[in-house]
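S.K.: From just these sequences and the hints, can you work out the full model?
Protein chains in written order, with the numbering used here: chain U, 1 to 284; chain G, 1 to 284; chain L, 1 to 284; chain Y, 1 to 284.
Bear in mind the hints are in silico, worked out from the structure with no lab data behind them. Don't be surprised by glycine CBs; every beta carbon is placed ideally from N, CA and C. It is possible that part of the hints are untrue.
Lysine-lysine pairs mimicking DSBU-like chemistry, simulated, CA-CA at most 30 Å apart [what the hints assert, rightly or not]:
#	chain 1	residue 1	chain 2	residue 2
1	U	Lys279	U	Lys203
2	G	Lys89	G	Lys69
3	U	Lys284	L	Lys203
4	G	Lys284	L	Lys154
5	U	Lys203	L	Lys203
6	U	Lys89	Y	Lys98
7	G	Lys98	L	Lys89
8	Y	Lys203	U	Lys284
9	L	Lys203	L	Lys154
Sample of chain U residues with no beta-carbon within 10 Å of chain G, all distances over it, derived [to be verified]:
#	residue
10	Ala21
11	Val35
12	Asp80
13	Lys98
14	Met145
15	Gly146
16	Ala156
17	Ile175
18	Glu179
19	Leu180
20	Arg182
21	Gln226
22	Ile240
23	Arg263
Protein chains: 4
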Amino acid sequence: MKSSRRYTLTLSCPDRVGIVAAVSSFFAQHGGWIVEASYHADTQTGRFFMRQEILADSLPFDSAQMRTKFAVVARQFEMDWQLSDSAQKMRVVILVSKQDHCLNDLLHRWRSGELEVDIPCVISNHEDLRSFVEWHGIPYHYVPMGDKAAAFEKIAALFDEHNGDTLVLARFMQILPPELCRRYAGRVINIHHSFLPSFAGAKPYHQAYERGVKLIGATCHYVTEQLDDGPIIEQDTVRIDHGDSVEDMVRYGRDIEKTVLARGLRYHVESRVLVCDNKTVVFK
Amino acid sequence: MKSSRRYTLTLSCPDRVGIVAAVSSFFAQHGGWIVEASYHADTQTGRFFMRQEILADSLPFDSAQMRTKFAVVARQFEMDWQLSDSAQKMRVVILVSKQDHCLNDLLHRWRSGELEVDIPCVISNHEDLRSFVEWHGIPYHYVPMGDKAAAFEKIAALFDEHNGDTLVLARFMQILPPELCRRYAGRVINIHHSFLPSFAGAKPYHQAYERGVKLIGATCHYVTEQLDDGPIIEQDTVRIDHGDSVEDMVRYGRDIEKTVLARGLRYHVESRVLVCDNKTVVFK
Amino acid sequence: MKSSRRYTLTLSCPDRVGIVAAVSSFFAQHGGWIVEASYHADTQTGRFFMRQEILADSLPFDSAQMRTKFAVVARQFEMDWQLSDSAQKMRVVILVSKQDHCLNDLLHRWRSGELEVDIPCVISNHEDLRSFVEWHGIPYHYVPMGDKAAAFEKIAALFDEHNGDTLVLARFMQILPPELCRRYAGRVINIHHSFLPSFAGAKPYHQAYERGVKLIGATCHYVTEQLDDGPIIEQDTVRIDHGDSVEDMVRYGRDIEKTVLARGLRYHVESRVLVCDNKTVVFK
Amino acid sequence: MKSSRRYTLTLSCPDRVGIVAAVSSFFAQHGGWIVEASYHADTQTGRFFMRQEILADSLPFDSAQMRTKFAVVARQFEMDWQLSDSAQKMRVVILVSKQDHCLNDLLHRWRSGELEVDIPCVISNHEDLRSFVEWHGIPYHYVPMGDKAAAFEKIAALFDEHNGDTLVLARFMQILPPELCRRYAGRVINIHHSFLPSFAGAKPYHQAYERGVKLIGATCHYVTEQLDDGPIIEQDTVRIDHGDSVEDMVRYGRDIEKTVLARGLRYHVESRVLVCDNKTVVFK
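M.R.: Encoded structure:
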């Protein structure tokens, strides 16, 4: 199924009667074969969210024509909408420091074909992971953090040069400046090693150890100017007990960090995540 | 949201272009407000499954008229379809033996209003639970199992007299005769105390102990003539270890049995379960 | 196994070589049959924690004599220690408001023999649950909350009159005054309906909904003067998604609240919980 | 803590009074600092199991002397016992086919220092993974399966030449001949991609799909002559639903296969697994 080319339409608009009828009729009248369809009506904001995955070959026109035609429906319902095409892979730039468990996991998913993206480069403030990244045939850029402002400008420049769509902070351990949070809003994904909102900020496993919690967690979220406070995409927890040291927590934590980031990133690249204020709608 | 009267339409039909458009347009043209919508295309059977929950007050006709009108759409797409009305509560008859953890759990959910059904009676092959059931104001019928054939005919007669829609085997520990499995196909729900297909039949916790598994489970399924082989509605597992005796497993098992049965029964009474051959589509 | 009378010895002392040897030799020389043995060395505090469950019939003396004899060993290692006897059931007083899912769950575990305690009475600030509690043959005391100080003094008096060992706040929804927190330190157990330290205080499901978390949780902890900040005994989480309203969270939450409280209380009554500063050692 | 050299003593013997006292007194009289201690009395077999981790530097003799001295205690209680020394890393040979998610995971844990073993070589019936393995500086042996008997003799010869302690079948997809199962009993670990005993044998995800289960699993076990029937070390499950194809299950399954194998192998290399008939005692 994954091998067929698909268009994915995501949209949100004020909730009212007839939205699904209008969108599904639009596709039906052109013979569009809908592979997956998801809906959500948010009662707080009064907005309606929708995601449709359509077989590209079932439609008699290309994506440019489809955009033109669908714009008529979209205007009628005041829709915010995007159309992605599985033939155009998303370009994901990965930022790492020295810890490589998330990087190792993402690169394996990428080379096995599970994670269908392009990875134009990996950027790091250390040289440690160069050889591993380059073995994959992926360019590795070393950007030391001596002058933070300059370093982040360099990172942004690299991201832009490589036509990056999404920036993943795979345990990067550095805080993105507010200006870049705004410039790339909704395009920067972080993995935080706690079950947010518990233990935001530095050394969450130490905080968890001090508090004596019986589960630890990890959170994948969009980066915003407020540290560890952006819209949450995915979370998970794992059981610990009194016998586990901070080092044990770090070890257990790595396993959930990498699966939570991998799931969250997959939802993002498959256009399954729609942001609604500071929350997310995730159509799994 | 739960307090508003709703119609729930469930259907299946051969998969083709235009089903969602036809159904959603039908509702849209009458001003129907769709509260929840779910779809599934089964690639093995080529059938399409659908569930729609509509606010009753948003439609200009009653359920009888709606049936007449919708029949036109249904015929066009060769749909098997049902319409339920939240104003007509499902009537659930519970069969128990001596173990009462599932009964206690279901009755609490019923009296707190979480499980929106009528319970016209409880039937048991023992007298032990009479006082507890009658405290709830629910009739209790004692049917001893000396003559099994006669006992099951009595049970069926009670179920029919009480206009039962669904029969729940809440750890009943007796095997329903094939004739009743056929007569009430798709209407009898069992909770089996193992993760099926592992450990079907008698004493599953003993079997699990002997095999040395590291998790035990529970399975809620429709009863068919093949013992413990009907379509699975819901399952869950819980971790055990070498230190747990059969008695410990029984204790842990009770907690998953009751939650798995409660979830499975809720899906059933909310028309969230559609049977597809020997499997289920569960629209949560 | 549960039917045999057992002594349970719990202790903590400064960590050093020879503690286990001394304690196990003490039992071995008297023929004591150890059913369960657990140890923990806390690296932060340098203290050693231990729990031993011994078959009473395997020892040639009664618990009073055992206390006298063991005191010699205890003095040598500067132990804080307790000895409990399974023949002396712990007396658990339950405080409830109107929500009864935890109460219903605990009373079922009690009447089925799973929870081996005495429940001398249930106290509530409402009359709603009187009939259900009294059906169990348990006295029910109504203490209205108009004058909070007087009400809590009345609750304390009832607890003392009934020789309560442990006070369980089973969704009591009222904050215990600091004076009672101190008077009954280590003897009052609360269930909080969030994964602490996230969402302490009022309306945690509303807080969780606002933040957009992807899992919700429950926490069983000892009550201290700091609200929702006492030593955590047990926690668990359950997955939710964007489609779940606050009401859905409340419904899912009830299921984890009752299992987390039931597990935490069982650990407590079986002397499996040892407090270490603001954390717990739980020997499962 | 992990950096200090430790001895790990594991043993089993007929259960009786005084075992713990004898062993702990043996260590105490020599000043031995016990880091971790675990016990289990198996009621079915009447055997007692024990694991002790001792700081090597706390003892006044080396491991050879310790063996001589401890043999006296062991003889007295008819113990089967082993002593391992953290300074002697276990030598783990990995067998793979084409699927590399488990290999990728294990090699990452090894190169990050989390999995404290030596990996003298990787053996495969395909050339696909040579470059990845050799990047790690680990020898890669290609053994084609045309003549199965000869191939397995070659594998056994390589394992022996490399002084292998443990052989890991990391999704090797070939059945070990009975003769090798016997020759390396208790030393060969397999990961099976189902929750055993459900779906033993070939294509377990297809079997799971056909049966319509709501969870899928993975099982790490010792290999015996009976296919997929050896003592289970570790298992886990993950939730799926009607919308998941076999390909989706394969994808979800990879994540639990690798964590279950990694946990099971860690327990094995840290001498935490003791076999008791066809079951395991796992001291976590």
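S.K.: None of the hints should be skipped; say for each whether it holds.
M.R.: Hint check:
1. Between U:Lys279 and U:Lys203 the CA atoms are separated by roughly 25 Å; this keeps the pair inside 30 Å, and the hint holds.
2. Pair hint G:Lys89 plus G:Lys69 holds up; C-alpha atoms about 23 Å apart against a cutoff of 30 Å.
3. At roughly 28 Å between alpha-carbon atoms, U:Lys284 and L:Lys203 fall within 30 Å of each other, so this suggested pair holds.
4. Between G:Lys284 and L:Lys154, the direct Cα distance comes to roughly 47 Å. Violation of the 30 Å bound is thereby established for this hinted pair.
5. The straight-line distance between the Cα atoms of U:Lys203 and L:Lys203 is roughly 28 Å, inside the 30 Å bound, and the hint therefore holds.
6. Under the criterion of a C-alpha separation no larger than 30 Å, the hint pairing U:Lys89 with Y:Lys98 is consistent with the structure, at around 26 Å.
7. The suggested pairing of G:Lys98 with L:Lys89 holds, with an alpha-carbon distance near 26 Å, which does not exceed 30 Å.
8. Between Y:Lys203 and U:Lys284 the alpha-carbon distance is near 25 Å, which keeps this suggested pair within the 30 Å criterion.
9. As the CA atoms of L:Lys203 and L:Lys154 are separated by approximately 27 Å, the hinted pair is consistent with the 30 Å bound.
10. With a closest Cβ-Cβ approach of about 4 Å to chain G, U:Ala21 is found to fall inside the 10 Å limit, against its non-interface label.
11. A Cβ of chain G approaches the Cβ of U:Val35 within 10 Å, the least distance being about 8 Å, so the stated non-interface status is violated.
12. Interface exclusion of U:Asp80 from chain G stands, the closest Cβ pair being 20 Å apart, more than 10 Å.
13. Non-interface status of U:Lys98 relative to chain G is upheld: no Cβ of that chain comes within 10 Å, the nearest being about 33 Å off.
14. Listed as outside the interface, U:Met145 is consistent with that label: its C-beta sits roughly 42 Å from the nearest C-beta of chain G, beyond the 10 Å cut-off.
15. The Cβ of U:Gly146 sits about 48 Å from the closest Cβ of chain G, beyond the 10 Å cut-off, so the non-interface label holds.
16. With 10 Å as the threshold on Cβ separation, the claim that U:Ala156 sits away from chain G holds: the shortest Cβ distance comes to roughly 41 Å.
17. With a minimum CB-CB distance of about 37 Å to chain G, U:Ile175 clears the 10 Å threshold, and the non-interface call stands.
18. Look at U:Glu179: its CB is around 41 Å from the nearest CB on chain G, clear of 10 Å, so calling it non-interface holds up.
19. Residue-level check passed: U:Leu180 sits 39 Å from the nearest beta carbon of chain G, beyond 10 Å.
20. The beta carbon of U:Arg182 sits about 36 Å from the closest Cβ of chain G, which is more than 10 Å, so the claim that it is off the interface holds.
21. For U:Gln226, the non-interface assignment is confirmed: its Cβ lies about 31 Å from the closest Cβ of chain G, beyond the 10 Å cut-off.
22. For U:Ile240, the shortest C-beta to C-beta distance to chain G comes to about 14 Å, beyond the 10 Å cut-off, and the non-interface label holds.
23. In this structure U:Arg263 is separated from chain G by more than 10 Å, as the shortest Cβ-Cβ distance comes to about 18 Å.
Violated hints, listed in ascending order, are 4, 10, 11; each of the other numbered hints is respected by the structure.
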